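Enquirer: Listed below, chain by chain, are the residues.
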Amino acid sequence: MPTYTLTVNGKKTTVDAPADLAMLWVLRDKLGITGPKFGCGINVCKACTSHLNGKAFNPCVTPVSECADQNVTTIEGLAEGDELHPVQQAWLDRDVAECGYCQPGQIMAAVDLLKRNPDPSDAEIEEIENVCRCGTYVRIREAIKQAAREMGGA
Amino acid sequence: MSEQIGDKVAMGRRRFLTYLVAAPTLTVAARWGLGADVAQAAIISPPRPSELYDVGDFYKQTCEPTKNMILLEVAEDGDATLWLHRMEVGQGITTASAMLVAEELDLPLSKVHVPMRDADPALLFNQLTGGSTSMRTVYEPIRQAAAEARARMVAAAARQWDISAAQLTTRDGLVVTPDGRTATYGSLASAAADPGLSVIGVKTKSSSEFRVIGKPAKRIDAHKMVTGQFQYTLDLGVVPGAKPCLVHRAPTIQGTPKQVRNDAEVRAMPGVIDIAVIETGVAILAETFGQAWDAKKALRVNWNAGTVDGLSNDDIFAKLEAATVPLAVPGGLVDTIDAEFRFAPVSHAPLESNSAVADVRDDRAEIWSGLQTPIYAQQDIAEDLGLPQDAVKVHVVQSGGAFGRRLFHDGALEAARASKAFGRPVKLMWTRTDDMRHGRMRGPSFHRVRATLAAGQVASYEHRITQTKTDFSHGIGEMITAKLSVGPGNLTYAQSFFNLMVECPYNFGVVTEVLNEPEDIQLNTASWRSVYSAMVRGAEELVVDEIAAKLGKDAYKFRREYLKHDDARAVLDKVATEGGWGRKMPPGHAQGIALHVEHRGSCAFLVEMDATDPKRPRVYRATIVADVGRPINPLGIEAQMISGLTDGISTTLRTGLHIKDGLPLEGSYSQSHFARQKDSPRDVKVFVMPPSREEPGGVGELPVPAAVGAIACAYARATGTKPRHFPINFDIDFDPFPPN
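Chains X and Y, in that order, give the protein sequences. Going by this note's numbering, the first residue of the first sequence is number 1, and it counts up by one from there. Going by this note's numbering, the first residue of the second sequence is number 1, and it counts up by one from there.
In case anyone wonders, no lab produced these hints; they're calculated from the structure. Just so you know, these numbers come straight off a predicted model, no measurement behind them. Relax, there's no trap hidden among the hints.
The calculated BS3-like cross-link candidates involving lysine-lysine, where the alpha carbons are at most 30 Å apart (straight line), are:
no.	chain 1	residue 1	chain 2	residue 2
1	Y	Lys297	X	Lys30
2	Y	Lys224	X	Lys55
3	X	Lys12	Y	Lys224
4	X	Lys145	Y	Lys574
5	Y	Lys685	Y	Lys615
6	Y	Lys678	X	Lys115
7	Y	Lys685	Y	Lys574
8	Y	Lys215	X	Lys145
9	X	Lys145	Y	Lys218
10	X	Lys55	Y	Lys678
11	Y	Lys678	X	Lys145
A few chain X positions that, by computed beta-carbon distances, are all more than 10 Å from chain Y:
no.	residue
12	Gly10
13	Lys55
14	Pro118
15	Met151
Don't be surprised by glycine CBs; every beta carbon is placed ideally from N, CA and C.
All chains, please: the whole structure from these sequences, using the hints.
Expert: Dropping the structure here:
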């Protein structure tokens with residue numbers, strides 16, 4: 001079985017895995033990093049959204065081999081120690097989470113959006129396809145707008 | 001949940017325990033809120049059964065003997081832990097319960113922790129989460145337990161200081177003397193647990209003294225959620241060595257495995273540990289879920305037939321229509337409005353699919369899963385494994401949504417069977433496609449409605465509902481047998497419950513609403529958020545608009561005039577004012593207004609829709625008003641209203657299942673078109689009415705029927721059509737995944 005070295009949440013990590021094993025299962029089943037959630041496994045619900053080299057990606061459809069020697073950041077790696085990322089703080093301020101299961105992915109998608117576009121319009125926010133089965137979209141939208149303001153984009 | 005339990009209860013930590021078992025008191029079903037201010041001309045309808053005694057009243061009465069078995073402890077750090085006998089699925093019940101404790105114990109909310117309680121058979125029927133009954137059933141007992149805990153703190157301090165308890169006050173987790181001395185609850189916890197300490201006649205606060213209840217509070221579990229620390233079932237590291245497990249399933253609903261054709265080939269695949277035939281399919285144990293998935297795809301199995309092989313939605317609707325109870329009032333004689341509605345099946349589809357951890361040994365078993373009925377799960381799993389009930393420990397894990405899905409423990413039972421078959425612990429997960437195709441659903445329903453008009457009034461309103469059998473075998477049937485005499489005649493569980501739920505809120509003269517659930521269509525069903533009301537009341541609100549139009553009346557004013565309840569009328573007035581009812585809309589746009597009365601509360605929705613393209617309607621504005629009796633957490637109630645709006649958008653406009661040849665075609669969120677951000681309105685306002693009664697009503701299910709009604713009415717008005725099939729846009733615009 002091949003061995004891959006990658007940086008996960010700032011920590012250099014080595015893992016033995018078949019080349020085609022989806023990164024989601026490497027994170028969850030081999031490394032015990034459970035912030036990225038399984039919701040569909042086919043890049044539809046996007047509950048697993050994390051960052052590869054700072055850009056949103058969906059580890060449920062990304063083989064571990066494509067992540068070799070690269071930087072993976074999951075929701076666990078977003079805050080700087082106890083200091084929450086402004087998007088996480090906005091999520092708390094707007095009391096977004098209901099069941100909470102999709103929210104790590106929603107937050108990672110929102111961080112990615114604000115990186116690309118510090119002042120997104122409503123239409124641009126609507127390009128986020130992450131499913132929230134509890135239907136918290138109204139508060140997700142508010143939280144993204146709040147974070148945009150606080151990060152100086154809006 | 002278990003991880004939080006681990007946090008809170010370090011071994012050897014001394015704690016003070018309140019475990020109350022009090023004698024049951026008498027419950028009297030009170031006649032509720034029938035308004036006097038009804039339209040003079042309307043033909044008054046007698047109250048429906050649910051107006052006098054509803055599901056919440058019923059469940060409350062059922063819980064009465066064990067209602068005071070509240071498990072609340074105060075530890076030496078002064079924190080309180082309430083082991084809640086209800087399940088958090090996103091509806092905010094742990095936060096609301098923590099507020100009750102904080103209120104009566106005079107403790108900051110941040111010092112109250114609310115893990116789920118393990119299955120506890122001593123609670124009898126009092127460990128079911130559903131029917132929007134949780135706050136109604138725990139409101140008084142949790143406050144009483146917290147008030148007693150506070151009284152014990154005061155009594156312990158009084159003894160310690162040799163001072164009269166009457167002179168002491170409490171605030172922020174401190175007992176305070178008149179001269180300003182303080183003692184923390186933590187320092188008193190041990191002394192307060194002394195059984196010799198007598199505390200009698202403790203009373204809860206009157207509502208005028210509330211400082212926490214009724215004020216917006218943020219979710220107590222949110223920080224862990226937004227940092228990825230919150231652990232759902234499959235995130236738990238509770239059983240070292242529990243391996244990933246998937247089940248390969250039949251090509252049709254309730255099909256069963258006959259024989260694996262390529263056993264050796266699959267066993268040889270990388271990462272595969274074992275495979276085993278269990279009742280519902282072929283279980284695969286592997287090192288990772290990814291490898292189990294590859295094996296699942298590679299398996300070749302011969303299957304026995306399922307229960308609806310060959311049947312499709314159209315066949316099922318034809319059977320339902322044929323089984324519909326006839327209308328009593330003949331058509332064509334007077335001015336009548338006739339309508340037939342069909343609601344497609346809908347998957348519950350919580351984002352966390354069915355999952356469970358199971359560790360089954362020869363003489364005992366331990367299960368972790370999201371369970372709305374954990375005692376029933378424990379009984380059923382014990383029986384299945386051939387173990388005594390008390391040898392099966394069942395931990396309830398807070399879950400990623402439920403919507404009624406987790407009333408049944410299908411995943412937990414499968415995990416137990418797989419663990420037994422493999423002789424080792426498993427972490428079992430359902431794939432999304434299996435969850436949609438083989439999971440539970442709201443069954444399809446057929447509706448026939450006839451309203452008769454006479455002398456400018458509604459003289460009668462008849463509604464016949466025929467739905468595939470809703471599975472109530474999760475313990476509710478036993479409750480009815482044990483507790484409730486429902487007549488007349490020999491009503492089924494479903495009919496009994498229907499009568500306790502569904503209520504036409506208008507004075508429409510003679511109103512009859514009759515459910516029939518034929519037994520011969522065996523689907524995997526479970527109550528879906530609001531059970532029958534989303535369809536029955538949603539369809540009814542459309543007919544209300546059509547009656548109003550026929551009488552030449554405005555949709556809002558007509559409802560206002562015919563409403564039975566003053567509280568609901570106030571809610572309707574508020575939504576019309578705040579939402580700007582009647583403002584001019586561009587062509588292809590329209591407003592829709594609807595309301596719903598249930599769970600000792602009411603809510604109204606006013607939505608605005610752009611249906612310029614009738615295939616792509618968009619709700620872009622929504623105003624929502626809710627009266628929930630006594631609001632506990634307005635912020636949580638607002639969340640539930642928004643959530644109900646989203647469910648209304650999904651199921652009214654696009655979301656459903658096409659059963660074809662015995663299996664739903666939909667296998668993903670994109671195929672079943674659950675709403676995304678782009679489908680959600682940009683402008684949403686929610687108003688929670690001030691307390692209208694002493695006690696809280698139910699919240700979780702309340703918004704869905706009004707949302708469905710308002711959205712359907714807006715679509716009808718915007719397009720000039722009469723929607724009869726739901727979801728309205730229901731094309732098969734995808735390539736279905738192959739069966740299994």
